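Chains as they are written, first to last, in numbering that gives the first Met the number 0: chain L, 0 to 326; chain Y, 0 to 331; chain W, 0 to 302.
Keep in mind that the hints were calculated from the coordinates and are not lab data. Bear in mind the structure is a predicted one, so any value in this text is a computation, not a measurement. A few of these clues could be false.
The following label-pair restraints were derived from C-beta to C-beta distances [as the list claims (entries may be wrong)]:
#1 K86(L) / L263(Y): 48 to 58 Å
#2 H104(L) / P129(W): 35 to 45 Å
#3 L127(L) / D93(Y): 38 to 48 Å
#4 T62(Y) / E188(W): 16 to 26 Å
#5 E301(L) / R149(Y): 31 to 41 Å
Quick reminder that beta carbons are idealized off the backbone N, C-alpha and C, glycines included.
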Amino acid sequence: MTGTRTEPLLDLVDVTVTYRTSEGPLPAVRGIDLTVGPGEVVGLAGESGCGKSTLASTVLRLQPSGAAVTGEVNVLGQDVQTIAWGKLRALRWAGASIVFQGALHSLNPVQRIGAQIAEPIRVHEPDLAKDAVARRVEELLEQVGLATSRKRSYPHQLSGGQRQRVMIAMALACRPQLVVADEPTTALDVMVQAQILDLLRDLVRELGVGLLIISHDLSVLADLCDRVAVMYAGRVVESGRAEQVFTDPLHPYTRALSGAFPRIGDPAARYAPAGLAGDPPDPRELPPGCSFEPRCPLAVPECAEAEPPLVEVRPGRPVACIRVGER
Amino acid sequence: MTTPFLEARGLEVEFLTRTGHAARALDGVHVSVQRGEILAIVGESGSGKTTLARTLIGLQRPTAGQVLLEGAPLSYSQKGLRALRSRVQMVLQDAAGSLNPRQTVYESVAEGIRLHGRVASDPDGRSEADLVAAALAEAGLRPPERLFLRYPHELSGGQKQRVLIAGALALRPELILADEPVSSLDASIRGEILALLLKLRQDLGMGVVVVTHDLGLAWNIADRIAVMYLGRVVECGTTEEVLSRPRHPYTQALLSVVPEIDFLEPVVLTGEIPDPSRIPGGCRFHPRCPQLVEGIAAEAGVADACRRTSLPVLPADGDHRVACHLDAARVG
Amino acid sequence: MSATSEAPRVTPRQVTRQRRIMGAKRTWASFRRHRSGLFGLGLLTFFLLVAIFAPLLADPESIEVTKATGGVLESPGDYLLGTDENGRSIVALLVWGSRISLFVGILATLISMVIGTLVGLASGFFEGWPARILYRFTEWFLVIPFVPLAIVLATVLGRSLVNIVIVIGITGWASTAMLIRSQTLSIRERPYVERARLLGAGRWHQMSRHVLPNVMPMVFANTTLTVALAILAETTLSFLGLGDPTRVSWGTMLDSAFGVGAMTTGAWWYIVPPGVCVVLVVLAFTLVGQALEEVFNPRLRER
Numbered sequence: 000m001t002g003t004r005t006e007p008l009l010d011l012v013d014v015t016v017t018y019r020t021s022e023g024p025l026p027a028v029r030g031i032d033l034t035v036g037p038g039e040v041v042g043l044a045g046e047s048g049c050g051k052s053t054l055a056s057t058v059l060r061l062q063p064s065g066a067a068v069t070g071e072v073n074v075l076g077q078d079v080q081t082i083a084w085g086k087l088r089a090l091r092w093a094g095a096s097i098v099f100q101g102a103l104h105s106l107n108p109v110q111r112i113g114a115q116i117a118e119p120i121r122v123h124e125p126d127l128a129k130d131a132v133a134r135r136v137e138e139l140l141e142q143v144g145l146a147t148s149r150k151r152s153y154p155h156q157l158s159g160g161q162r163q164r165v166m167i168a169m170a171l172a173c174r175p176q177l178v179v180a181d182e183p184t185t186a187l188d189v190m191v192q193a194q195i196l197d198l199l200r201d202l203v204r205e206l207g208v209g210l211l212i213i214s215h216d217l218s219v220l221a222d223l224c225d226r227v228a229v230m231y232a233g234r235v236v237e238s239g240r241a242e243q244v245f246t247d248p249l250h251p252y253t254r255a256l257s258g259a260f261p262r263i264g265d266p267a268a269r270y271a272p273a274g275l276a277g278d279p280p281d282p283r284e285l286p287p288g289c290s291f292e293p294r295c296p297l298a299v300p301e302c303a304e305a306e307p308p309l310v311e312v313r314p315g316r317p318v319a320c321i322r323v324g325e326r
Numbered sequence: 000m001t002t003p004f005l006e007a008r009g010l011e012v013e014f015l016t017r018t019g020h021a022a023r024a025l026d027g028v029h030v031s032v033q034r035g036e037i038l039a040i041v042g043e044s045g046s047g048k049t050t051l052a053r054t055l056i057g058l059q060r061p062t063a064g065q066v067l068l069e070g071a072p073l074s075y076s077q078k079g080l081r082a083l084r085s086r087v088q089m090v091l092q093d094a095a096g097s098l099n100p101r102q103t104v105y106e107s108v109a110e111g112i113r114l115h116g117r118v119a120s121d122p123d124g125r126s127e128a129d130l131v132a133a134a135l136a137e138a139g140l141r142p143p144e145r146l147f148l149r150y151p152h153e154l155s156g157g158q159k160q161r162v163l164i165a166g167a168l169a170l171r172p173e174l175i176l177a178d179e180p181v182s183s184l185d186a187s188i189r190g191e192i193l194a195l196l197l198k199l200r201q202d203l204g205m206g207v208v209v210v211t212h213d214l215g216l217a218w219n220i221a222d223r224i225a226v227m228y229l230g231r232v233v234e235c236g237t238t239e240e241v242l243s244r245p246r247h248p249y250t251q252a253l254l255s256v257v258p259e260i261d262f263l264e265p266v267v268l269t270g271e272i273p274d275p276s277r278i279p280g281g282c283r284f285h286p287r288c289p290q291l292v293e294g295i296a297a298e299a300g301v302a303d304a305c306r307r308t309s310l311p312v313l314p315a316d317g318d319h320r321v322a323c324h325l326d327a328a329r330v331g
Numbered sequence: 000m001s002a003t004s005e006a007p008r009v010t011p012r013q014v015t016r017q018r019r020i021m022g023a024k025r026t027w028a029s030f031r032r033h034r035s036g037l038f039g040l041g042l043l044t045f046f047l048l049v050a051i052f053a054p055l056l057a058d059p060e061s062i063e064v065t066k067a068t069g070g071v072l073e074s075p076g077d078y079l080l081g082t083d084e085n086g087r088s089i090v091a092l093l094v095w096g097s098r099i100s101l102f103v104g105i106l107a108t109l110i111s112m113v114i115g116t117l118v119g120l121a122s123g124f125f126e127g128w129p130a131r132i133l134y135r136f137t138e139w140f141l142v143i144p145f146v147p148l149a150i151v152l153a154t155v156l157g158r159s160l161v162n163i164v165i166v167i168g169i170t171g172w173a174s175t176a177m178l179i180r181s182q183t184l185s186i187r188e189r190p191y192v193e194r195a196r197l198l199g200a201g202r203w204h205q206m207s208r209h210v211l212p213n214v215m216p217m218v219f220a221n222t223t224l225t226v227a228l229a230i231l232a233e234t235t236l237s238f239l240g241l242g243d244p245t246r247v248s249w250g251t252m253l254d255s256a257f258g259v260g261a262m263t264t265g266a267w268w269y270i271v272p273p274g275v276c277v278v279l280v281v282l283a284f285t286l287v288g289q290a291l292e293e294v295f296n297p298r299l300r301e302r
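Sequences and hints are given; from them, build the entire structure.
Structure below.
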């Protein structure tokens, strides 16, 4: 996109992920290209079953063992899917880290927060003195807006928002250059959500990390991201600059997503909830042509024939829809 | 004002926490719903909204106050509760967990019908299968027979939610309480479920009380809205009034962080909702109130009141009511 | 109106029956994947068939002491596994003994399962002091050592088959009760139980229609393991001389063998076969029970 001279932190090239199941191969991700540069915030939007979490797991080769990955997953210039184990370990957390979904289940319930944040530090910098580690932990807690006394707390003593901050602190522990945040604000209250998003924005600005945010909430991404890619059934159907995608969506799916939440104050939205018929697609039963065709308000017979390619209908706005090109 | 269909008067619900402290989930709430009205109860977690819904349907007994159905206080006997639940039903928050995994869709929907003997009392002499099919069809699942033998784990999130709604509809209630009906569902199917609720009001004259944190949902379907904070209603009125011209600082803050809002500057509150066992004195919102923190309350001379004087419980009439010293000073 | 569908009108009873058939098919398909379970099932079937067709496999008269035809403690030769001290064929004794061992094991387990389920459900589902008392009672029973209690009861009640069944039944219910209680406690909190309440269900309906069916799979698996323990218990009691003196079981065989000093005289055919039979049957039940647990557990977990 807007070419940065420096090498991208994350460079996905035609990545596919197929699960081996007892009922046959399940294509979760079907050819994704994506880049994230330093200091850039890129959003990946999509609903359940679109493959976004699977894609996130490939960034640090954390996909389940039954999943076959093709294409290149380049993190800091190295393809994590093929590099040696030692190099992967070095990359994990110190090069790139992940903030997981569902913080309550990602934290060890019987270990204090401070110890959990210190763990990756001790793994990657074993020679660091104890008090240096402790100081780093306190520094991280301050960065994420938690009182340093919290390092002695257990996860259950913290609220949902505080736990998410701990997850972010853990992700930053080894000063990574790339951070992947998988649904960082889901299940949080609106106000706490706003706080976490503000925090992420500040951290990106201060630390210059590259951030890939995955969320089903397009409006969250519109606010925070520089660029956004919308996923449906394992593919990117639209991408571009975040405000543009949000305020002027081109793909019918993106339009439905962005229209799902009304503009409060808009009289036209009173008693008129907007949504799509049908359900998000089942990766096991994808239709032959465009995977969105069964639910698409603009569908024509040609749509069911072949999967539409990503075409830049305007500069910087690739869209995968044959109806959009016509307009 | 006509007698409201369902009403809460001075409701208080107190829990004893493990440490022995009393946590007030509801600290004095008046709420009322008219026949065929759609009311949204909005708040964050810890606001008491779910407790309010559960108390309205008798799953929770209040420690003080009353719930009234058409003016008559609830009877908590088996008979009384059953009579209530044939007229008021609820769809619980966890849609996936609300269906017995070992029961088919048919059995889940038929359960209510069987418990209340609806087949025997059906004026048109319909069979149980007819009633189940009718309920599923009304909830938008067509053709209903196709789903009779399905199990919950074979259904999508949206279908599960519709089955639950069908189960409630099968009893022909006059009011349905829906606790976060769409927050666990994908955004693209949100509209359909909300449209269904509107349609039920339109076609069957059914009232709906929606409990949610999503202000957009209220804008989409609610006639009136009540905003809750820490066990009290802090602002209520018609949806247009409250969401277009919010007067309580908390409502204003909540609205301002909704990404689709363009007429308010984002005000991100610091901290989180306090523990219900340690409700702040004076106005319960004062520790986080931007107006107090930025001195605006002081300028209006109410800063002291904010910190020390508690506010009265808002009445549940249709007017735009606000529980705020600053607002009272400005209006009065 | 609703679209006319091709699906035939279904009656509620058809629905329930179809559901049960489909459920059973699924369970069997899942069970089949466990090879150990299949092996155990095969063993079990073998022994059950032996017990059922005992009269065809060994002449009933051959185990009567007065009609014994063999020599005393003959080593295997004319008789496949030799004879006991009364001249009875060991094979005949094993065949008839299987009836007693299996009968006692299964019946005693039935008793302990019924008591255990009722107590477990009640103490898990209800609140207040009745439930607490039941719980303490269960804990108490769990702690009492089995053998001394069984000895006392058997001595008091007398040495008969029925009494052995009763003794094993009432000493074994506590662990089932604990398992069911903990399952009940967790299921009681599930949203669908609350939904039943919302729809107007009383406590009885909630328990029988929602809690019990979801508890039963685990119970079923546990029961199979309990039968194994019951058979071992019967063997133990009989070996200690508390069994029914008029009946032959594998335990009484071991007791007699011990009594005539089969170990010292080297009459291995008297000791080894009954011991091996007990081990094989217990193994069979255990393998089937473990496989069943795996079959039922993942489904519970994925919810």
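Verification of the supplied hints:
1. K86(L) / L263(Y): 48 to 58 Å: Taking Cβ atoms as reference, K86(L) and L263(Y) lie about 49 Å apart, which means the hint holds.
2. H104(L) / P129(W): 35 to 45 Å: 36 Å, holds
3. L127(L) / D93(Y): 38 to 48 Å: The hint (38 to 48 Å, Cβ to Cβ) holds, given that L127(L) and D93(Y) are roughly 44 Å apart.
4. T62(Y) / E188(W): 16 to 26 Å: The hinted range 16 to 26 Å holds for T62(Y) and E188(W), with Cβ atoms some 22 Å apart.
5. E301(L) / R149(Y): 31 to 41 Å: Between E301(L) and R149(Y), where Cβ atoms are some 34 Å apart, the hint holds.
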